[in-house]
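Asker: Here's the letter readout for the chains.
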Amino acid sequence: MSKYTQLWAGGLLAAILVAAQLLLRVTGKDYCLTQLTMSVYYAIVVLGLCLVMGYAGQVSLGHGAFFAIGGYTSAILTTADFSRFQSLAGVGWLKSIHILEVRQNLFGSPVTTVSPWAAFLAAMVVTLVIAAVIGYPALRLKGHYLAMATLGFGLIVNKLILGSSIAGAADGISDVPPFALLGGLMVSGKSPVRVQNYYIACGLLLLLLVLLGNLVRSRMGRALRAIHDRETAANAMGINTSAVKLKVFVLSALLAALAGVLFTHYTGGIGPSEAGPLKSVRYVALAAAGGMANLWGAAVVSTLINYLSLRDWFGSFDQAVFGVILILIIALAPDGPLPPLALWVRRAARRVFGQRRPRHGAA
Amino acid sequence: MDSGDLALQYFLSGITKGSIYAVVAIGFNLIYSATGILNFAQGEFVMLGGMLAVTLAQFVPLPVAVAGAVVVVACLGCLLEVSLFRKLRRHSVMHMVIITIGLSIVIQEAALHLWDEKVRSLPYFTGNEVTSLRILGAAISPQVLWVLGTVAIGVALLHGFLKFTLVGRAMRACSSNAEAAMLAGINTSNMRTLSFGLSAALGALAGCVISPITLTHYEMGAPLAIKGFAAAILGGLGNPMAAVLGGLLVGVAEAAAVSRLPAAYNDVAAFAILLAVLFVRPHGLLGAASGDSVREC
Amino acid sequence: MKKLLCAVTGIGLLGSLMFTQSVSAQENSKPIKIGAIFSVSGPASFLGAPEAKTVKMFVDKLNAAGGINGRKVELVLKDSAGNPVSAVSFAKQLIEEDKVLAIIGPSTSGETMQIKNLCEENKMILVSCAAAEVIVNPVAKFVFKTPQKDSQAVTWIYRTMKEKGITKIAVLSSNDGFGNAGKKQLEDLAQMEGIQILVNEVYDKQVTDLTDILTKVKAAAGVQAVVNWSIVPAQSIVAKNLRQLGMDVPLFQSHGFGNPKYVQQAGVAAEGTLFPAGRLLIVDGLPDSHPQKKLLATYKKDYEDLYKEDVSTFGGHAYDAMLVVTEGIRKAGSVDPEKVRTAIENLQGLVGTAGIFNFSAADHTGLALDAFEMLTVKDGKFCAYTK
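Chains as they are written, first to last, in the working numbering: chain A, 1 to 363; chain B, 1 to 297; chain C, 1 to 387.
Any given hint could turn out to be false.
Stated by the list, open to error - Calculated pairs, EDC-like style, for lysine to aspartate or glutamate (alpha carbon to alpha carbon, straight line, at most 16 Å):
#1 K261(C) <-> D248(C)
#2 K261(C) <-> E193(C)
#3 K56(C) <-> E304(C)
#4 K99(C) <-> E74(C)
#5 K53(C) <-> E179(B)
#6 K61(C) <-> E304(C)
#7 K30(C) <-> D336(C)
#8 K141(C) <-> E121(C)
#9 K387(C) <-> E373(C)
#10 K190(A) <-> E345(C)
#11 K72(C) <-> E327(C)
#12 K293(C) <-> E373(C)
#13 K205(C) <-> D5(B)
#14 K123(C) <-> E133(C)
#15 K118(B) <-> D363(C)
#16 K118(B) <-> E309(C)
#17 K53(C) <-> D310(C)
#18 K294(C) <-> D284(C)
#19 K29(A) <-> E97(C)
#20 K29(A) <-> E96(C)
#21 K99(C) <-> D30(A)
#22 K141(C) <-> E345(C)
#23 K123(C) <-> E345(C)
#24 K190(A) <-> D175(A)
#25 K30(C) <-> E74(C)
#26 K61(C) <-> D302(C)
#27 K308(C) <-> E219(B)
#28 K53(C) <-> D302(C)
#29 K168(C) <-> E193(C)
#30 K142(A) <-> E231(A)
#31 K190(A) <-> E121(C)
#32 K387(C) <-> E163(C)
#33 K190(A) <-> E96(C)
#34 K141(C) <-> D363(C)
#35 K261(C) <-> D116(B)
#36 K164(C) <-> D284(C)
Said to hold, decoys possible - Here are some chain A residues the structure puts well away from chain C; computed CB gaps all over 12 Å:
#37 I97
#38 R103
#39 A180
#40 G269
No lab work stands behind these hints: they were computed from the structure. Backbone N, C-alpha and C define an ideal beta-carbon position, used for all residues, glycine too.
Build out the structure end to end from the sequences listed, making use of the hints.
Answerer: The following block contains the structure:
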């Protein structure tokens with residue numbers, strides 16, 4: 001996608017998102033913004049997965065684990081009460097540089113917790129380390145073995161969370177405070193700041209789409225595509241395939257963790273199912289549904305489908321829908337539904353508006 | 001209970017779980033050997049076998065119900081190959097993995113709506129819920145012997161089939177070199193269908209035989225598939241005996257973990273071992289070091 | 001080309017927004033809307049499926065009898081599939097879009113905790129069908145629950161143990177919310193009741209066999225009884241494995257054992273299992289003079305006739321939740337959430353399936369120790385435990 005097209009697409013998507021919000025305001029359905037915001041955060045995870053699966057050609061069945069690692073780190077740090085350490089030496093200093101803060105919990109009593117910003121940074125660092133440690137040996141595997149390794153990793157994280165009381169075990173953590181960003185903006189699920197949060201999420205999504213689009217067009221992106229096509233050839237051409245794959249894997253893990261942190265502050269809580277295989281498989285389904293190497297397609301399609309799922313369109317067939325998506329997309333349109341859809345639209349347009357005279361010999 | 005008896009008991013409980021994983025892993029192995037696809041939906045064949053047998057057992061005697069379930073699920077396996085997998089041969093590994101996962105989800109949800117969410121089970125083949133065999137100081141349920149027996153017969157039959165019958169050798173030819181097999185006049189498509197059918201049949205039989213131990217419900221497929229998958233990879237893909245060994249090892253490893261660590265972490269231990277094996281020796285314990293490239297250069 | 005793609009999908013997005021308007025009877029204010037979030041599918045479906053069936057049956061019967069004070073009740077049912085994120089999303093929908101008067105459910109403690117604060121902040125009455133103590137402790141003004149307290153179940157178990165002279169036990173629990181909650185109560189109350197826990201293990205709820213953990217129990221000398229706190233299928237598997245290992249110590253189960261089918265699955269191994277439960281399971285054995293007899297017998301008959309399956313205590317919790325809400329509306333004589341909430345908080349002597357409810361400002365569960373009875377299994381059937 002050229003830079004020009006990308007700007008066009010970005011502008012169009014931004015316009016659509018703004019129009020959606022205004023439409024909802026006008027029709028009095030502001031509450032839909034909640035599900036939209038949640039879907040946009042999930043779409044960010046899918047973006048990262050697209051890079052790994054679509055561009056580097058590596059299957060990952062454990063990306064939910066990174067979402068959970070980010071979300072849980074942030075949740076644990078911002079809800080654990082450090083008051084008992086009041087008397088320790090460095091605590092006062094930590095408070096003064098805003099790493100620790102004193103706030104009111106839901107029942108009105110004061111607690112000393114890590115401030116959301118510090119927790120966020122901690123979450124990113126933890127994810128970076130874990131992704132690098134897991135990614136280095138795992139990415140040397142191929143195909144089924146890589147699938148099993150990522151699946152196994154996801155399951156380990158899931159079971160560890162279920163087995164540890166500090167993470168709330170099966171009940172998860174549910175007291176997570178809002179995340180105050182700069183300039184009075186706040187990531188929080190409360191109704192008054194709903195519109196603000198919607199734009200925060202959408203803004204982040206658009207920013208990431210542009211940045212990742214640049215990445216894909218850069219040297220790194222070309223290296224990725226070379227690896228996807230024929231890894232041995234890429235190696236022969238001097239690309240350090242292991243390094244490139246690892247970087248992309250870690251980047252996608254960081255994206256998932258970022259989404260996890262913001263999502264957790266938005267909904268005010270997180271549960272162990274976020275690390276489970278069911279969720280990870282959903283991300284894969286959505287990446288496939290959008291066209292694995294199509295970032296914009298993935299963002300739009302995954303937002304749409306998650307939105308419908310969160311608005312209870314699928315009822316008891318929720319899980320089945322994702323299974324069917326997986327089968328249909330891969331069987332019928334492995335590059336995603338958008339190219340055939342585009343083809344169909346073009347053909348329909350041609351039939352309706354008649355053949356366009358080719359100019360300059362181009363059809 | 002003295003420590004020797006204790007160790008034996010842990011070992012036997014590991015064998016109990018391990019036999020369940022082994023019987024699922026064989027099915028994985030069969031399809032992989034013949035087609036190169038790792039079928040995540042194998043666990044659902046196991047579930048369907050159990051569910052169908054329980055339903056049929058309300059009307060016909062137990063052996064007939066089991067046989068009926070096996071036949072129906074085998075047909076389903078063949079049907080899936082013909083309608084779905086045959087068209088998808090040219091797809092990459094990643095695509096196949098994703099499709100089989102999708103299939104597993106769809107089958108599971110279909111089972112929920114066809115039956116319901118309730119747990120059910122077949123009666124014990126011999127004895128009942130409290131009978132157990134005493135081996136030295138330790139106890140094991142006779143049903144486990146049925147599971148192990150099924151595993152043994154499955155492996156023996158497969159071995160005999162693949163080695164001594166014409167059809168079986170044709171299947172081996174396909175898996176080692178599909179093009180050459182085609183040139184030799186073997187209908188590779190039919191071989192693939194047959195392998196799917198056999199694998200589904202094995203899975204269904206597994207589902208029937210483990211039903212009294214694990215109970216049967218619509219969600220049992222996925223965890224079994226994951227453990228079976230782990231067992232098959234641990235043993236080494238492509239070798240049915242290795243799958244059995246892998247399964248038993250995973251079960252015994254879990255039991256060993258329980259004896260030392262809090263039981264809450266025994267799954268973590270099992271998967272950590274799996275990851276360790278994958279990182280160090282991805283072909284598994286008995287898999288050939290050369291052959292299919294597992295890593296890149 | 002991509003522009004066209006984006007445009008098309010964008011229009012699709014906008015279009016779907018317009019069509020996701022839920023059918024709301026805002027102009028016609030006659031029916032009273034009550035929302036329900038249950039895990040009808042997914043890992044907690046053995047809870048949510050009977051709960052959903054029960055509330056549908058309740059609402060149909062209520063409407064056939066004329067509704068509440070002449071107004072019909074409209075049920076808005078959502079299936080969260082045990083997923084807390086879906087529960088949060090549906091709760092927000094029910095609060096802001098459907099503008100229901102009260103929410104019944106969810107089925108699991110994890111989901112309830114994720115929406116507890118949301119409901120309290122939005123002044124939405126929540127009557128949960130999940131059992132964890134933290135749902136009502138600390139008390140949130142708008143949040144209630146209908147299952148008995150886990151601590152009460154544990155108290156019954158420990159008292160029965162002391163009567164039998166048992167002081168050293170093993171505790172097994174599953175790694176889900178229910179198991180965690182039970183384990184905590186068992187640990188907290190042990191010392192007070194003079195019970196020593198020798199073995200304390202947590203297992204995965206999807207476990208296929210428990211002989212390895214029971215071997216650990218067997219290895220610990222002096223264990224006089226085993227307490228298992230989980231749901232199916234582990235409950236039945238534990239019973240079988242315990243006897244297969246030749247251990248004849250008594251097995252105590254949680255009040256999650258409340259379905260005759262679990263006895264069937266455990267077969268002979270279930271004989272003699274001891275567990276606290278509501279009287280729904282032994283309604284046939286209750287004397288006619290018992291205050292709960294009529295309600296229980298009617299519920300059991302209606303449910304089994306309609307759905308052709310055994311009644312269970314889980315469905316009973318949903319029945320009680322609907323009862324609490326509808327009685328609250330009746331007593332308040334209005335559909336103002338504050339008034340209904342106050343009415344619920346003042347309900348006394350309300351006969352439900354789990355027991356007789358007496359709410360107060362400090363007690364949002366409403367059930368006392370006598371809501372339970374100690375049951376056992378004899379000849380494959382539930383019956384009251386007699387010393």
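Asker: Each hint needs a verdict: does it hold in this structure or not?
Answerer: Hints, one by one, checked against the model:
1. For the suggested pair K261(C) and D248(C), the alpha carbons sit about 23 Å apart, so the restraint of at most 16 Å is broken.
2. Distance check on the hinted pair: K261(C) and E193(C) sit about 32 Å apart at the alpha-carbon level, beyond 16 Å; violated.
3. Among the hinted pairs, K56(C) with E304(C) is consistent with the structure: their alpha-carbon atoms are about 14 Å apart, no more than 16 Å.
4. Among the hinted pairs, K99(C) with E74(C) is consistent with the structure: their alpha-carbon atoms are about 12 Å apart, no more than 16 Å.
5. Only pairs whose Cα atoms come within 16 Å are accepted, and K53(C) paired with E179(B) is rejected, the gap being roughly 57 Å.
6. This hinted pair checks out: K61(C) and E304(C) have alpha carbons roughly 15 Å apart, not beyond 16 Å.
7. Under the criterion of a C-alpha separation no larger than 16 Å, the hint pairing K30(C) with D336(C) is consistent with the structure, at around 14 Å.
8. Restraint check for K141(C) and E121(C): the C-alpha separation of about 10 Å stays at or below 16 Å, so the hint holds.
9. The straight-line distance between the Cα atoms of K387(C) and E373(C) is roughly 12 Å, inside the 16 Å bound, and the hint therefore holds.
10. Taken as a hint, the K190(A) and E345(C) pair is broken in the structure, with Cα atoms around 27 Å apart against an allowance of 16 Å.
11. Pair hint K72(C) plus E327(C) holds up; C-alpha atoms about 14 Å apart against a cutoff of 16 Å.
12. This hinted pair checks out: K293(C) and E373(C) have alpha carbons roughly 14 Å apart, not beyond 16 Å.
13. Taking the CA atoms of K205(C) and D5(B), the gap is about 28 Å. The hint is violated against a cut of 16 Å.
14. With a CA separation close to 21 Å, the supplied pair K123(C) and E133(C) exceeds the 16 Å bound.
15. Distance check on the hinted pair: K118(B) and D363(C) sit about 34 Å apart at the alpha-carbon level, beyond 16 Å; violated.
16. Using a Cα cut-off of 16 Å, the hinted pair K118(B) and E309(C) holds, with the two alpha carbons roughly 10 Å apart.
17. A hinted pair counts as satisfied when its Cα atoms are at most 16 Å apart, and K53(C) with D310(C) qualifies at roughly 12 Å.
18. Among the hinted pairs, K294(C) with D284(C) is consistent with the structure: their alpha-carbon atoms are about 11 Å apart, no more than 16 Å.
19. Between K29(A) and E97(C) the alpha-carbon distance is near 8 Å, which keeps this suggested pair within the 16 Å criterion.
20. For the hint pairing K29(A) with E96(C), the CA-to-CA distance comes to about 9 Å; that is within 16 Å, so the pair holds.
21. For the proposed pair K99(C) and D30(A), the alpha carbon gap of about 14 Å is at most 16 Å, so the pair holds.
22. Annotation: proposed proximity of K141(C) to E345(C) holds, straight-line Cα distance about 9 Å (limit 16 Å).
23. The hinted pair formed by K123(C) and E345(C) meets the criterion: a straight-line CA distance of about 14 Å does not exceed 16 Å.
24. Distance restraint check for K190(A) and D175(A): the Cα-Cα separation of roughly 13 Å lies within the 16 Å cut-off, and the hinted pair is therefore satisfied.
25. Restraint check: the Cα-Cα separation between K30(C) and E74(C) comes to about 10 Å, which is no more than 16 Å; the hinted pair holds.
26. For the proposed pair K61(C) and D302(C), the alpha carbon gap of about 10 Å is at most 16 Å, so the pair holds.
27. Distance restraint check for K308(C) and E219(B): the Cα-Cα separation of roughly 23 Å exceeds the 16 Å cut-off, and the hinted pair is therefore not satisfied.
28. A threshold of 16 Å between alpha carbons decides the hint, and for K53(C) with D302(C) the separation of about 11 Å falls inside it, so the pair holds.
29. At most 16 Å may separate the alpha-carbon atoms for a hinted pair to count; K168(C) and E193(C) meet this at roughly 11 Å.
30. Proposed proximity of K142(A) and E231(A) is supported: the alpha carbons are some 11 Å apart, at most 16 Å.
31. Note on K190(A) and E121(C): the hinted pairing holds, with a Cα-Cα distance of about 9 Å set against a maximum of 16 Å.
32. Of the supplied pair hints, the one linking K387(C) and E163(C) holds, its CA atoms being roughly 8 Å apart against a limit of 16 Å.
33. Simply put, K190(A) and E96(C) have alpha-carbon atoms about 12 Å apart, close enough for the 16 Å limit, and the pair holds.
34. Distance restraint check for K141(C) and D363(C): the Cα-Cα separation of roughly 10 Å lies within the 16 Å cut-off, and the hinted pair is therefore satisfied.
35. The hinted pair formed by K261(C) and D116(B) meets the criterion: a straight-line CA distance of about 14 Å does not exceed 16 Å.
36. Of the supplied pair hints, the one linking K164(C) and D284(C) is violated, its CA atoms being roughly 27 Å apart against a limit of 16 Å.
37. The beta carbon of I97(A) sits about 30 Å from the closest Cβ of chain C, which is more than 12 Å, so the claim that it is off the interface holds.
38. Against chain C, the non-interface label of R103(A) holds: every CB pair exceeds 12 Å, the least being about 15 Å.
39. No Cβ of chain C approaches the Cβ of A180(A) within 12 Å, the least distance being about 18 Å, so the stated non-interface status holds.
40. Annotated as non-interface, G269(A) brings its C-beta within 12 Å of a C-beta of chain C; the closest such distance is 5 Å.
Checked against the numbered hints listed earlier, the structure breaks hints 1, 2, 5, 10, 13, 14, 15, 27, 36 and 40; every other hint is satisfied.
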